[in-house]
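Colleague: For the protein sequence lines, the chains are X and D, in the order given.
Position 17 of the first sequence, counting from 1, maps to 122 under the numbering used here, and the rest follow consecutively.
Position 34 of the second sequence, counting from 1, maps to 139 under the numbering used here, and the rest follow consecutively.
Do not take every clue at face value.
Intra- or inter-copy, both count: the list cannot distinguish identical chains.
Taking lysine to aspartate or glutamate and the DMTMM-like style, the derived pairs with C-alpha atoms no more than 25 Å apart in a straight line are [said to hold, decoys possible]:
| id | residue 1 | residue 2 |
| --- | --- | --- |
| 1 | K322 | D258 |
| 2 | K282 | E197 |
| 3 | K131 | E147 |
| 4 | K179 | D192 |
| 5 | K247 | E281 |
Just so you know, the hints here were simulated from the structure itself, not pulled from any lab data.
Protein chains: 2
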Amino acid sequence: MPKNIKLLIAYEGTDYHGWQRQSDPKTVSGTLEEALFELTGEKVSLVGASRTDSGVHAQGQVANFITQSKISIKAYPPALNSLLPRDIVVYESQEVPLSFHARYSAKLRIYRYLILNKPYPSPLSRRFITHIPYNLDLELMKEGAKYLLGTHDFTSFSSCQPHQNPVRTIDRLSIEKACPRENGEVSIIKFEIAAQSFLPHMIRTIVGTLLKVGKRKFLPSKIKEILEARNRASASQGVPACGLCLVSIEY
Amino acid sequence: MPKNIKLLIAYEGTDYHGWQRQSDPKTVSGTLEEALFELTGEKVSLVGASRTDSGVHAQGQVANFITQSKISIKAYPPALNSLLPRDIVVYESQEVPLSFHARYSAKLRIYRYLILNKPYPSPLSRRFITHIPYNLDLELMKEGAKYLLGTHDFTSFSSCQPHQNPVRTIDRLSIEKACPRENGEVSIIKFEIAAQSFLPHMIRTIVGTLLKVGKRKFLPSKIKEILEARNRASASQGVPACGLCLVSIEY
Numbered sequence: 106m107p108k109n110i111k112l113l114i115a116y117e118g119t120d121y122h123g124w125q126r127q128s129d130p131k132t133v134s135g136t137l138e139e140a141l142f143e144l145t146g147e148k149v150s151l152v153g154a155s156r157t158d159s160g161v162h163a164q165g166q167v168a169n170f171i172t173q174s175k176i177s178i179k180a181y182p183p184a185l186n187s188l189l190p191r192d193i194v195v196y197e198s199q200e201v202p203l204s205f206h207a208r209y210s211a212k213l214r215i216y217r218y219l220i221l222n223k224p225y226p227s228p229l230s231r232r233f234i235t236h237i238p239y240n241l242d243l244e245l246m247k248e249g250a251k252y253l254l255g256t257h258d259f260t261s262f263s264s265c266q267p268h269q270n271p272v273r274t275i276d277r278l279s280i281e282k283a284c285p286r287e288n289g290e291v292s293i294i295k296f297e298i299a300a301q302s303f304l305p306h307m308i309r310t311i312v313g314t315l316l317k318v319g320k321r322k323f324l325p326s327k328i329k330e331i332l333e334a335r336n337r338a339s340a341s342q343g344v345p346a347c348g349l350c351l352v353s354i355e356y
Numbered sequence: 106m107p108k109n110i111k112l113l114i115a116y117e118g119t120d121y122h123g124w125q126r127q128s129d130p131k132t133v134s135g136t137l138e139e140a141l142f143e144l145t146g147e148k149v150s151l152v153g154a155s156r157t158d159s160g161v162h163a164q165g166q167v168a169n170f171i172t173q174s175k176i177s178i179k180a181y182p183p184a185l186n187s188l189l190p191r192d193i194v195v196y197e198s199q200e201v202p203l204s205f206h207a208r209y210s211a212k213l214r215i216y217r218y219l220i221l222n223k224p225y226p227s228p229l230s231r232r233f234i235t236h237i238p239y240n241l242d243l244e245l246m247k248e249g250a251k252y253l254l255g256t257h258d259f260t261s262f263s264s265c266q267p268h269q270n271p272v273r274t275i276d277r278l279s280i281e282k283a284c285p286r287e288n289g290e291v292s293i294i295k296f297e298i299a300a301q302s303f304l305p306h307m308i309r310t311i312v313g314t315l316l317k318v319g320k321r322k323f324l325p326s327k328i329k330e331i332l333e334a335r336n337r338a339s340a341s342q343g344v345p346a347c348g349l350c351l352v353s354i355e356y
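My request is simple: use the sequences and hints to build the entire structure.
Modeller: Here is the structure:
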């Protein structure tokens with residue numbers, strides 16, 4: 106009997122061409138599929154909840170695969186971790202109904218974007234936090250973010266033009282000073298954004314555009330105009346991949 | 106007129122053979138001295154407050170050097186950062202009296218040791234946080250740490266045997282769950298330890314020995330016995346360098 110196995114996975118995306126297996130370059134799902142082949146002898150197809158871009162990190166990626174293997178479910182994390190490079194770790198494994206699909210069954214995807222807002226970059230967080238040296242007005246950015254909440258046509262914030270269905274619903278978009286005690290950094294701004302799904306590059310374009318509000322280059326109400334323009338050129342450049350992390354997936 | 110310049114420096118120690126310049130391998134001070142040579146044309150001798158070991162990080166190292174250069178004091182951070190690799194950053198520069206010596210004038214050195222205490226390691230923090238999968242009793246470790254506070258002969262915790270003056274004074278040694286929000290990790294234990302100076306490998310040996318208390322292999326009172334033994338063999342193995350970070354120096 107085939108089994109459907111769900112994995113909870115974390116990775117540092119720095120050295121990968123994103124999640125999704127491609128023909129040639131090293132990807133996270135390709136690396137996991139190779140480890141699964143080594144373990145089970147099966148060429149499985151791993152379905153990830155989110156196709157994170159090149160350089161984006163994950164601490165709560167979910168993926169599933171169908172297998173005939175008789176390996177005990179609980180053995181997958183230690184066995185896979187012994188085969189994987191140190192920048193990918195499998196935390197949990199669980200048998201799920203055959204109908205479960207990591208991508209299509211997902212109800213909510215939660216991402217975080219971190220910014221280090223001080224004059225010089227930090228050598229300790231450079232792989233995970235984007236450095237922005239200029240002053241940012243947190244309150245203005247929060248005001249701008251309100252226009253993005255709820256259901257909208259997000260064409261202006263998508264790198265895929267035209268998209269056959271550019272309507273998305275943002276359930277949460279918080280902006281706050283992150284707790285500084287853990288690594289001593291005192292000027293970290295955390296964006297957290299949750300939606301059932303996102304358009305390509307949508308989060309990084311949203312953060313980049315809100316930074317213009319924070320820099321007082323855009324009024325907060327400009328966000329509403331950009332949404333209504335339905336034109337990628339009206340929004341700002343996206344922020345770098347390294348500050349983005351897939352936090353968790355809810356089903 | 107020569108000037109004495111004090112620098113505030115952060116670095117990721119992963120790829121360096123420690124702070125102190127040696128004949129051959131790449132060190133943090135050697136790399137900084139090369140950048141200073143490129144900038145000023147002078148072969149300066151950079152004095153660091155703490156000679157951090159190979160692989161140890163710093164977010165608040167202090168160093169000074171004497172120069173005849175006429176470069177404006179404020180120009181050092183941006184000029185040096187443009188010459189340095191990304192894993193070393195100079196945050197501040199300041200002219201100080203010629204009598205100031207980063208190492209001998211230091212009144213307090215504050216270090217932090219981070220432990221990720223959960224079943225699997227994290228790919229996102231593996232360079233900065235040591236992974237310990239077994240359960241640790243925080244209260245027992247705190248109790249054991251009390252014996253180390255104040256002035257003692259720390260021979261048992263030093264890798265330099267015999268040391269001509271093994272007496273040191275620990276002003277603070279706190280152990281707590283670190284704030285988890287910044288990188289989503291929920292099981293980080295933070296050791297913070299402050300003293301005017303430390304013996305070689307003293308902090309990592311102290312943390313390693315306290316972990317034995319946390320694992321219930323040693324009673325907290327065993328720490329007192331280890332101190333009194335004045336014998337390196339009585340303490341435990343030191344913990345890995347990657348979890349250690351020089352937080353700040355007070356003058």
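Colleague: Evaluate each hint against the coordinates.
Modeller: Each hint, compared with the structure:
In the homo-oligomer, the alpha carbons of K322 and D258 lie at most 25 Å apart inside one protomer (23 Å), although the nearest pairing across protomers, at 60 Å, exceeds that limit. Proximity of K282 to E197 under the C-alpha cut-off of 25 Å is restricted to the inter-copy arrangement: shortest distance 23 Å between copies versus 30 Å within a copy. In this assembly of identical chains, K131 and E147 lie within 25 Å of each other by CA distance solely inside one copy; the values are 20 Å within and 45 Å between copies. For a Cα distance limit of 25 Å, the shortest separation of K179 from D192 inside one copy, 21 Å, qualifies, whereas the shortest one across copies, 39 Å, does not.
In the homo-oligomer, the alpha carbons of K247 and E281 lie at most 25 Å apart inside one protomer (9 Å), although the nearest pairing across protomers, at 32 Å, exceeds that limit.
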